[in-house]
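K.L.:
Chains as they are written, first to last, in the numbering used here: chain A, 1 to 283; chain B, 1 to 396; chain C, 1 to 82.
You can take every hint at face value.
In the DMTMM-like style, the derived pairs of lysine to aspartate or glutamate whose C-alpha atoms are separated by at most 20 Å in a straight line are:
no.	chain 1	residue 1	chain 2	residue 2
1	C	45	A	14
2	A	246	A	226
3	A	277	B	4
It is worth saying that the hints were derived from the structure and are not from the lab.
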Amino acid sequence: MVNNNPVSDLLRTDRMPHIWCSGCGLGTTVNCFVRAVAGCGLPPDQITVVSGIGCTGRVAGYLKLDSFHTTHGRPIPFATGLKLANPRLKVVVYSGDGDLFAIGGNHFIHAARRNMDMTVICVNNFTYGMTGGQVTPTTPTGAIASTAPYGNTEDPFNLPYLADSAGAVYVARWTTFHVRQATKAMKEAIQKKGFSFVELVSPCPTLYGRRNRMGDGLDMMEGYKENSTIRNGADTRDVGMDISGKIVCGKFVDRERPSFLEQYNTRLAARLGPSYKNYEGVL
Amino acid sequence: MKADPKGVLTGAHFLDGDHACSEGALSAGCRFAAGYPITPSTEIVERIASRFPQVGGMFIQMEDEIASSIAIQGAVWGGAKAMTVTSGPGFSLMMEHIGFAAMLETPCVFVDVQRAGPSTGQPTLPGQADMMQARWGSHGDYEIIALCPNSPQECYDLTIRAFNLAEEYRVPVMIMMDECVGHMTEKVVIPSPEEIEITERRYTTAKLGEYRPYFTDGEMVPPIAKAGDGHRFHVTGLTHDERGYPVMSPEVQEKCVRRLVDKIRLNAERIISLEESETEGADVIVVSYGITSRVSVKAIEMARADGIKVGHLRLITAWPFPEKRIRELVGRTGAFIMPELNYGQMFFEMQRVIDGKAKSYLLPHGGGTVHKPEVIYRTIKEAALECRPQVEESAW
Amino acid sequence: MAEAKETKGPRGMVTINPDMCKGCGICIRFCPAGVLEFSDEFNSKGYHPPRAVRPEACTGCDLCGIYCPDFAIFGILLKTVA
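Bound conformation, chain A alone (with noise of 0.2 Å):
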């Protein structure tokens, strides 16, 4: 079926059609991620993808690369533990809103905070998309959801601000809309040495976008298009959304720390001296 098409060497043809509603992101947000891979200048095999629960936890299931769907909110964790079993591996979490920023949200900021090496894909679509469009840690307030039905009475987390004060080395955000510029951050992510973190605005036309009038998939994006407008290297804390749709994309953190490892292996060579070797992974 889409044999032909050039990137279905990293995707699971046998497993397509996918789950996704007629004008989900997530798709898309996929069609970036096999880019980024195809164009990052590492092999496949190298790359292991890590996904927790929810609409966006089921890519893993559709990438044709080591993948693991883990359990709600731990994706990070399990990477982790990857990462330091066989730090050769390139791991790449790929996971939602409310499972990397709810209940997952503990494990996040001390990945940051440890600078693991690994790279934090978050598809951000407002809502719980797999359960029926609950509120999560990201919907603007005011937003109507399924467990917020008079309008959530919250305010949201600003993600990249959040990532950014956790000890993130690189942070950005593009919508589904800008799909060149969210390749290249995925692609600079995967590269980067450290704690990456790119945000992926995106439609979920059936529940959130419905519950808030905002169209299908298409006029969703649209409105990106709208009201995006793009400042690389602006200061996080300015980058917060709200329910105008007003949405600020770029690059905004790009910056060097040691990563877990390096500082492991630097103060244990400092501390025990030259009998100490090196820690490369278990094997």
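Position chains B and C relative to chain A; hints supplied.
P.N.:
Relative to the frame of chain A, chains B and C by itself:
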């Protein structure tokens, strides 16, 4: 295959159970550990934190037990032998991931140094009240293996056994220690590496592109793969078929989950390990495990001095439960006594297996300390009297 | 299952797998050269897949391919095919 000499601290040592467990892991080839501090287990990871950098291992203190219990699984899929360590409250947090390990068939080891509970309980005092939780704590159907050391030496030996069983059956294995055994200091003999038998992980030999993660070809346990070898496999906690892909049908549910249960149940006799003393021909048998077995030995000594024919059956493996052996003994034994540091856990399993064909006595204890031998001794006497009423009491 | 349809222009070729399409319309809207529009046919799921109505305008940029959430369409620059 023999142990890697790098991790083996050959010699006679004076160690507590916690420290002995760490050495057991090192001898077994464990090179990844993740944990979170919790009394009375913390010393295990403290020793590991100190020893691992010397032998090429990686220990990371994670932000909580939930992270620890899944970080070890990531490490396993990256090629490591991995262990985490906790006590009651942390064990409760790990339950979802024990089920995840069972579902993905991830070989890994969980140590629970039990303390008095429930909830925060008595962190520095012993209990044995997590035994049922070890077996049933996660949701859904699955089987695990649980081992109960009763000495620091066994903490060392059974940790190695736990890793070997985990690899053989691709299952999470629980080491159910208790605070007494964990904090008592005794002689621990660590042999030379050539004397230590290690079960290696059975990796797939399938050609690239042909590996199916859960294809078994009639065996009970499929060979595993690790990330980075080019197999491009997918595994998920969703019910899955042989390809590892999620499938939502009753037929696949049966096929997928039935084997998780059967691989342990049908191999129970090969997994179960018991220590028996004079059980053949006994009128009364004391069934015990962990620290309580040490007290039981004293009580049995006292009862045998009175001429009572009392046997001792010690559960070295608590799960799977030794149904076959107990059923064999039931026909010829009048009574079974189980002392445990809880209000009845393994006792109900024993009672179920006895099925009314012999008397069963529970000696409960809330924990915080251990039974007094006299208490067990009195019950042995009472049970023996009830079984053989024709024997004159004056004989004792 | 309908066959994939290739439509060649002088510079680019677009391939459409009609049965993969879920009719979202994104490729049609965001093709910079206006090559595509909804066809009148139905695919097996009842959607109208796109068709290349102006193949000569196709530049092979593959924006349709990157956008398509269902991997149902892609474009190729003809220089690379040769």
